[in-house]
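Participant: Construct all of the structure, not just a fragment, from the sequences and the given hints.
Number of protein chains: 2
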Amino acid sequence: MLTQDNYLDLIENYLAQTDFPAEPELLYTPISYSLAGGGKRLRPVLLLLSHALFSEETQQALPAAAAVEMFHNFTLLHDDIMDHALLRRGKPSVYAKWGENVAILSGDAMMIVAYQLLCRVQSPRLPQVLSVFNQTALEVCEGQQYDMDFENRQKVSVVEYMHMIELKTSVLLAGAVVMGALLGGASEEDCRALRRFAIELGLAFQLQDDLLDSYGDERLGKAIGGDILEGKKTYLMVTAMSRADEAQREVLRSTHLDATLTDAEKVARVKAVYDMLDVPHLTEQQIGLRFERALAQLDAVDAPAERIASLRAYAESLMGRQK
Amino acid sequence: MLTQDNYLDLIENYLAQTDFPAEPELLYTPISYSLAGGGKRLRPVLLLLSHALFSEETQQALPAAAAVEMFHNFTLLHDDIMDHALLRRGKPSVYAKWGENVAILSGDAMMIVAYQLLCRVQSPRLPQVLSVFNQTALEVCEGQQYDMDFENRQKVSVVEYMHMIELKTSVLLAGAVVMGALLGGASEEDCRALRRFAIELGLAFQLQDDLLDSYGDERLGKAIGGDILEGKKTYLMVTAMSRADEAQREVLRSTHLDATLTDAEKVARVKAVYDMLDVPHLTEQQIGLRFERALAQLDAVDAPAERIASLRAYAESLMGRQK
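Chains C and U are the protein sequences, given in the same order. When we follow my numbering, the leftmost residue of the first sequence carries the number 1307, and every step to the right adds one. When we follow my numbering, the leftmost residue of the second sequence carries the number 1307, and every step to the right adds one.
The set of hints was computed from the structure by calculation and includes no laboratory data. It is possible that part of the hints are untrue.
Treat identical chains as interchangeable: a pair holds within one or across any two.
Said to hold, decoys possible - List time: in silico DSBU-like cross-link candidates among lysine-lysine, alpha-carbon distance up to 35 angstroms: (1) 1577 <-> 1397; (2) 1539 <-> 1346; (3) 1397 <-> 1461; (4) 1539 <-> 1403; (5) 1538 <-> 1403.
Facilitator: Set out below in structure tokens:
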């Protein structure tokens, strides 16, 4: 049985073998640059682990895994333009390095290359896989639009926020595991269970990301408070807003705009409100709940126990909950 | 046998029936807006006329025709951002009306919807059609990148310019006719001939567009000289540059930047150089040559004469050469 690291190597090799023309340079160089940026390759690894539940023909699923990673990187290129993000995985974003037009057009090309990769899949189930991919891709765009909408809105409910991150983050994980399962020959029922697994895992993962941004991860020693300083609507923020009185709401709304405060003071002031409202604890509860729901779905999947254990272990490692 | 107008109606109806979700509004409203902008529907009509050479099952080809039109409109959304174009077909562009982020993301969604439409095609040849579509889409991006590259370059040769417009304009016409032919059951040989037909037709069409922008179309009474005022590298400009002496070259390079001249003076000054260098006549020759080459390809196609005549008549009407 292949390990997580084996899968990661397979993906890296497959992506590295994807050749691009030399010209026009400004179309193709940013694609290679973006792919070389690394990352966990979370989505393709999930696709291969899901595929492995039902099949040992890993090669068959590799083009789809690469397509999902390519699509994910396309979304990063365009998101970085919309967010004016200058850094991506510690390096200049394509937007920062080459400008907006190049980031738009290289991103477009990446989406087309994702479809080219997907069309390499040799399977009678390709039409179903394409259909899942199309639906997933469109939902990711919906999620990004809601995210932008929310930044311009005063009030966002917790339910609206959860719907947005389901679209923006979870559905691509779900698309990946369903595509892997379909190619492995899974039943409709197993595809549905794996979809629920990935949706809940994605929510847990995103909420944890929100929590760590404000409360940090001692293991990583990462800078804390970026979301607070940007006034971003995170799970912490929308939960706090839903529980705050008028005075607290004002602090949550306006602190990041207050030019008389240092960054550290801003972060401390908002976190003081979060703490008063029990937000970190409520977030941890929600993460735990979502993650438990995710794992519970795996019990229903008809596949060899050690393969399910392997997917489960990967999910746990993602959440920093290795056994 | 269906007429051009029948085909146009079929396409308009099919596009009008393509429903989009109500939410998120800023993702989907610009798509409907863009599609409602009209236009000649050149690419889908060509696809259906090409399909009709080999098959009477027009319904079978409609999703592909709609996909090609959707893809074309996606390119317009993103091109308008890159060109900062405020108008499209006489109405505010999506970029002007909703801003850049909406134009990026709605454009992305349109590309995905194009694939969704394409995947509706019921044909054992869908994999080939997808492959043609992917390759075409990527080449259109290459053409757009070359076009942007050229704007930043001092010198562009006529050969380079022709290569750029082949990618930017011709390949999508070629992709459309090949997809139509494939779905109609055409042989490889017929697909190749139709591809050459569309490549040459696209070149003739683009060169005519370049010529009319500077020398006008008395039938249309359109404003003249937009390309000259923008200093755009058109067929006229690159041809003139290749034949100009140093003094003429300087006029061609700098006139559009000269703040002491009125627009009418700028246009007159550049056109005087074009005329001295015989550029309008050379351009007309090139258009005639390309168009003849296009039509000659049709002689080799194995299809009923009256169907070929119908495609030929459409090509002639595009070039304003109705018999």
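Participant: Look at each hint and say if it fits the structure.
Facilitator: Verification of the supplied hints:
1. 1577 <-> 1397: within (29 angstroms within a copy, 48 angstroms between copies)
2. 1539 <-> 1346: within (25 angstroms within a copy, 44 angstroms between copies)
3. 1397 <-> 1461: Result: close both inside a copy and across copies, 34 angstroms intra and 34 angstroms inter.
4. 1539 <-> 1403: both (28 angstroms within a copy, 26 angstroms between copies)
5. 1538 <-> 1403: Answer is both: 25 angstroms inside a copy and 26 angstroms across each meet the 35 angstroms cutoff.
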